[in-house]
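Participant: Listed in order, the protein sequences are those of chains A and B.
For our numbering, count along the first sequence from 1 and bump the result up by 97.
For our numbering, count along the second sequence from 1 and bump the result up by 97.
Be aware that a few hints might be false.
Heads up, the list lumps identical chains together, so a pair's fine if it works in one copy or across two of them.
Unchecked claim - Distance condition first, Cα-Cα at most 20 Å in a straight line; then the derived EDC-like pairs of lysine to aspartate or glutamate:
1) K249 to E291
2) K210 to D239
3) K181 to E268
4) K181 to E113
5) K264 to D239
6) K249 to E108
7) K210 to E193
8) K181 to D219
9) K210 to D228
10) K210 to D242
11) K210 to D229
12) K210 to E283
Hints were generated in silico from the structure; no laboratory data involved.
Residue strings, one per chain:
Protein chains: 2
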Amino acid sequence: MKHVYSGKTKEVYELEDGNYLLQFKDDVTGENGEFDPGANAVGLTMAGAGKAGLRLTKFFFERLQENEIPTHYLEADIEAQTMKVVPATVFGQGLEVICRFRAAGSFLRRYGKYAADGQQLDAFVEVTLKDDERQDPPISRDALDMLGILTKTEYDTLKKLTQQIAKIVKEELAKKNMELYDIKLEFGRSQNGEILLIDEISGGNMRAYTQGRYIEPLELEKNMLQ
Amino acid sequence: MKHVYSGKTKEVYELEDGNYLLQFKDDVTGENGEFDPGANAVGLTMAGAGKAGLRLTKFFFERLQENEIPTHYLEADIEAQTMKVVPATVFGQGLEVICRFRAAGSFLRRYGKYAADGQQLDAFVEVTLKDDERQDPPISRDALDMLGILTKTEYDTLKKLTQQIAKIVKEELAKKNMELYDIKLEFGRSQNGEILLIDEISGGNMRAYTQGRYIEPLELEKNMLQ
Numbered sequence: 098m099k100h101v102y103s104g105k106t107k108e109v110y111e112l113e114d115g116n117y118l119l120q121f122k123d124d125v126t127g128e129n130g131e132f133d134p135g136a137n138a139v140g141l142t143m144a145g146a147g148k149a150g151l152r153l154t155k156f157f158f159e160r161l162q163e164n165e166i167p168t169h170y171l172e173a174d175i176e177a178q179t180m181k182v183v184p185a186t187v188f189g190q191g192l193e194v195i196c197r198f199r200a201a202g203s204f205l206r207r208y209g210k211y212a213a214d215g216q217q218l219d220a221f222v223e224v225t226l227k228d229d230e231r232q233d234p235p236i237s238r239d240a241l242d243m244l245g246i247l248t249k250t251e252y253d254t255l256k257k258l259t260q261q262i263a264k265i266v267k268e269e270l271a272k273k274n275m276e277l278y279d280i281k282l283e284f285g286r287s288q289n290g291e292i293l294l295i296d297e298i299s300g301g302n303m304r305a306y307t308q309g310r311y312i313e314p315l316e317l318e319k320n321m322l323q
Numbered sequence: 098m099k100h101v102y103s104g105k106t107k108e109v110y111e112l113e114d115g116n117y118l119l120q121f122k123d124d125v126t127g128e129n130g131e132f133d134p135g136a137n138a139v140g141l142t143m144a145g146a147g148k149a150g151l152r153l154t155k156f157f158f159e160r161l162q163e164n165e166i167p168t169h170y171l172e173a174d175i176e177a178q179t180m181k182v183v184p185a186t187v188f189g190q191g192l193e194v195i196c197r198f199r200a201a202g203s204f205l206r207r208y209g210k211y212a213a214d215g216q217q218l219d220a221f222v223e224v225t226l227k228d229d230e231r232q233d234p235p236i237s238r239d240a241l242d243m244l245g246i247l248t249k250t251e252y253d254t255l256k257k258l259t260q261q262i263a264k265i266v267k268e269e270l271a272k273k274n275m276e277l278y279d280i281k282l283e284f285g286r287s288q289n290g291e292i293l294l295i296d297e298i299s300g301g302n303m304r305a306y307t308q309g310r311y312i313e314p315l316e317l318e319k320n321m322l323q
C-alpha cells in the first residue's frame with residue numbers, strides 16, 4: 098500500500114484493490130491545549146484518542162448502513178487503528194457540513210446578536226469551506242453552485258443526508274443520556290457520482306452535553322461504547 | 098420634526114405627516130482615510146459628499162420608480178441635502194444585501210481559494226447582518242428564516258428585487274463607460290408589509306471600474322450626473 102496523505106488526525110493509504118485505508122492518530126484538534134471541534138490546528142495528543150475515535154466511527158457507520166445511508170465505510174480494524182473505505186473525491190478542496198440542534202461555537206460567534214448560548218435550533222444545516230487561512234468561511238447554496246463546488250441538487254441531497262445522519266447520532270447519544278448540540282460531517286462523490294458520507298464520526302466531530310455540562314470527546318466515546 | 102437617529106452617513110428625522118426625512122452628511126465609510134464601501138467605520142469626511150450622494154440617490158430612485166420597483170423614496174431637496182421617505186422597518190436589526198458581478202472585497206476575503214480578483218460572478222446575491230462587533234457576518238436563507246429575521250418567501254423576493262435593481266444600476270453606469278462590480282442595498286418592510294428598497298444608492302454603496310481602474314465614489318457621482 099502507498100501513503101497518499103497526512104491529515105490532522107489521520108494518515109491515508111491507497112490499497113492495491115483500489116480502496117483506501119485510514120489510520121487514526123492520537124491527535125485531536127483544538128487550541129491552547131483545549132479540545133475544539135471547530136479548530137483548525139492539532140491542539141493536543143491524547144493517548145487512546147485514535148482507537149476510541151475509530152471504535153465510535155465504526156459504531157455509527159454501521160448504524161448508518163442499517164439505515165441505508167450511503168457512506169464510504171467498508172470495515173474497521175480496531176487493534177490496528179485502521180478503517181477501510183471506498184474511494185471518494187471531496188467537493189472542491191473540501192467542505193464541512195454542520196448540523197445544529199442548539200446554538201454553540203462558531204454559530205454564536207457569527208449570530209450572537211440574534212441567538213443565545215444553547216438556544217434550540219431546528220436541525221439547522223450550514224456549509225463551510227475547509228480553508229484554514231480564511232478561518233473556514235460559511236458559504237451559501239448559491240455560492241457553492243456558482244463557484245462550481247456543488248450543484249444546487251447536490252446541495253439539497255447533502256442537506257437532507259446531513260439531517261438524517263445527525264438525527265440518528267442524536268438518538269444514539271440520547272440513549273446514553275447525552276444531548277447532541279451540533280455535529281460536523283464531510284461528504285464526497287463516489288466513483289459513480291453518488292454522494293457519500295466520508296471521514297469519521299467520533300467525539301471530535303460533535304458537541305454533546307449532559308445536564309448542561311459539556312462532555313469531552315474521550316468521555317463521550319467511553320459513554321457510548323461501554 | 099423630531100430627530101430620531103444618527104447614522105454613520107445620515108441623520109434621520111420624523112416628520113409630522115408620519116414620513117421621515119434623511120439628512121445626508123459629508124462622512125463616508127472607510128478605514129485609515131481610504132474609502133471602503135464594506136467598512137463599518139466613518140473613515141473620512143469629504144466636502145460635497147452628502148450632496149453628490151443625494152443627487153445620485155435621487156437619480157437612481159427615480160429610475161427605479163419608472164421601473165415599478167418599490168422603494169421608500171418620496172422626494173429629494175438637493176440644496177437642503179434631505180430626502181423624504183415613507184416609514185419602513187428594517188429586518189431584524191438590519192441587513193445588507195449585496196449583488197456581485199465581479200469578485201472583489203469581502204467576497205475575495207472569504208472565497209479567495211476559489212475565485213480570482215475581478216472574476217465574473219453571475220449577479221450573485223448574498224446577505225450579511227449589520228453587526229459591527231462581529232464584522233457583518235454572511236447569513237443564509239435558512240438561518241435568516243430560523244432566527245425570525247426574514248421568511249423564505251421574503252428572502253426570495255429580496256433576492257429577485259436585488260438582482261433587478263443591480264441590473265438597472267449596472268446599465269446606467271455602463272452608459273457612462275463604467276462597469277459595476279458590486280452593490281450593497283438595504284431593504285425594509287412598509288407599514289402594509291411590502292418589501293421596499295430603503296436607504297440610498299450613491300457612490301458609497303458600490304464598486305465601479307473603468308478600464309481596470311477603480312473609480313472613487315465622488316468621481317463616480319460626478320461621471321453619472323454630468
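Participant: Between copies, within a copy, both or neither: which fits K249 and E108 at Cα up to 20 Å?
Facilitator: Answer is neither: 32 Å inside a copy and 42 Å across each miss the 20 Å cutoff.
Participant: For K210 and D242, with the copy left unspecified, which applies at a CA distance of at most 20 Å: within, between, both, or neither?
Facilitator: Close across copies (15 Å), not inside one copy (29 Å); limit 20 Å.
Participant: At most 20 Å between CA atoms: does that hold for K210 and E283 within a copy, between copies, both, or neither?
Facilitator: between (28 Å within a copy, 19 Å between copies)
Participant: Given identical chains, is K210 near E193, meaning Cα to Cα at most 20 Å, within a copy, between copies, both, or neither?
Facilitator: between (24 Å within a copy, 15 Å between copies)
Participant: Quick one: K249 to E291, C-alpha cut-off 20 Å, is that within a copy, between copies, both, or neither?
Facilitator: Classified as within: same-chain Cα gap 15 Å, cross-chain 29 Å, threshold 20 Å.
Participant: Can you give me the call for K181 and D219, within, between, both or neither, at a CA distance of at most 20 Å?
Facilitator: Cα proximity of K181 and D219: none, with 34 Å in one copy and 41 Å across.
Participant: Is the C-alpha distance from K210 to D229 at most 20 Å within one copy, between copies, in both cases, or in neither?
Facilitator: Result: close only across copies, 10 Å inter versus 25 Å intra.
Participant: From the Cα coordinates, with 20 Å as the cut-off, is the pair K210 and D239 best called within, between, both, or neither?
Facilitator: Between copies, since 17 Å is at most 20 Å while 24 Å is not.
Participant: Between copies, within a copy, both or neither: which fits K264 and D239 at Cα up to 20 Å?
Facilitator: between (26 Å within a copy, 18 Å between copies)
Participant: Give the relationship of K210 and D228 under a CA distance limit of 20 Å: within one copy only, between copies only, both, or neither.
Facilitator: So K210 and D228 pass the 20 Å test across copies only (8 Å; inside, 25 Å).
Participant: Within a copy, between copies, both or neither: which one fits K181 and E113 at a CA-CA cutoff of 20 Å?
Facilitator: Within one copy, since 12 Å is at most 20 Å while 74 Å is not.
Participant: Given identical chains, is K181 near E268, meaning Cα to Cα at most 20 Å, within a copy, between copies, both, or neither?
Facilitator: neither (26 Å within a copy, 56 Å between copies)
When each numbered hint is compared with the structure, violations occur for hints 3, 6, 8.
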